[in-house]
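Taking the hints into account, I'd like the entire structure generated from these sequences.
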Amino acid sequence: MNELLKLVHGVVNWGMDTAESMNAGVLIDASVFYALMWVSVLAALGVVLCRNVVHSALLLTASFIGVGCLYIYMDSPFIGAVQFLVYGGAVAILIVMALMLTRRDDMAHSNLSRSLFCQAGAAVISGAFFLCISVASLMTQFREMSAELGDSVTGLADMMLTKYILPFEVAAVLLLIAMIGALVIAKGAHES
Amino acid sequence: MKIMGDFGGLGIFFVVTLIFPITALIPAFLLQPRHPTKQKGIPYECGVDTIGKTYVQYRIGYFLYALIFLVFDIETVFLYPWAVRFGALGLFALLEMFLFLGILGLGLWYAWKKGALSWK
Chain A
64 MNELLKLVHG VVNWGMDTAE SMNAGVLIDA SVFYALMWVS VLAALGVVLC
114 RNVVHSALLL TASFIGVGCL YIYMDSPFIG AVQFLVYGGA VAILIVMALM
164 LTRRDDMAHS NLSRSLFCQA GAAVISGAFF LCISVASLMT QFREMSAELG
214 DSVTGLADMM LTKYILPFEV AAVLLLIAMI GALVIAKGAH ES
Chain B
739 MKIMGDFGGL GIFFVVTLIF PITALIPAFL LQPRHPTKQK GIPYECGVDT
789 IGKTYVQYRI GYFLYALIFL VFDIETVFLY PWAVRFGALG LFALLEMFLF
839 LGILGLGLWY AWKKGALSWK
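Line by line, the protein sequences give chains A and B. Heads up: the first sequence runs through residues 64 to 255, numbered per this note's numbering. Heads up: the second sequence runs through residues 739 to 858, numbered per this note's numbering.
I should point out that these hints are in silico values taken from the structure, not numbers from a laboratory. Some hints could be false.
[Claimed, not checked] Cut-off 30 Å, straight-line C-alpha distance, at most; resulting in silico cross-link-like pairs (BS3-like, lysine-lysine): (1) A:250 with B:852; (2) B:791 with B:778; (3) A:250 with B:791; (4) B:851 with A:250; (5) B:791 with B:776.
Below you can see the structure in the form of structure tokens.
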């Protein structure tokens, strides 16, 4: 028994030493980033490559959630939560609703045209977009966030609920108008 | 070492929740008897074979629920910062949030009144 304990102790010690010498913190940090990055990128690739548009919608949501996790990883939990709620929730629901309310013959081949002309056009447009984003992010000088600013949510809440109380309540009225307007239009379509 | 901060525990939790079902499924996959037949391959639909196409156009009624969901989903975004700072901001913020929810509640009341929530 004593021998066994000694062995376990030795193995644990060896593991700790190796982790320290390999700079485990940096390693875990990097592997978490790459895992989240690959989830987002592969899901986005699947959106384009899937033949069934319902699978594309599901993978798009997975990609949104991966990006939301990346925001949290970059110390912006509020932006991450907004990404989950607005993109992973609202946008995903809208896309699925659009699919549910349209009629298609066969879901297995429901994704957009795969003709060479369309693919070339898509490649040119997405290439140009990628170029623009790359140039813009290379030319931007990013600054280190100062620690005194504190959590972004705290500052946002303080401003939203004290100084900018009126715009905050107006946002509620705006949402109310959007809901009533959408209901009036949708009910009209429902009854006719 | 950033990852062992607030969300490190959450990350470990996610990894464990991935490992648990996978380790449970691997022995089942290895030990299962495999006798595939055509009958076993068809999608289960209440024991009755499907006739025609399985994809249909859904009722517009679902869409009304989706619209209401969207509004209350956006509302949650506003609730989140309030919930984080609730302790410091106190009663005034509570009243503000009740006003905010009340305005949105009017929309729900309108939808109810107009029969958007009844399933026809």
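Hint-by-hint comparison with the structure:
no.	hint	verdict
1	A:250 with B:852	holds (9 Å)
2	B:791 with B:778	holds (19 Å)
3	A:250 with B:791	holds (29 Å)
4	B:851 with A:250	holds (12 Å)
5	B:791 with B:776	holds (19 Å)
In this structure, every one of the numbered hints holds.
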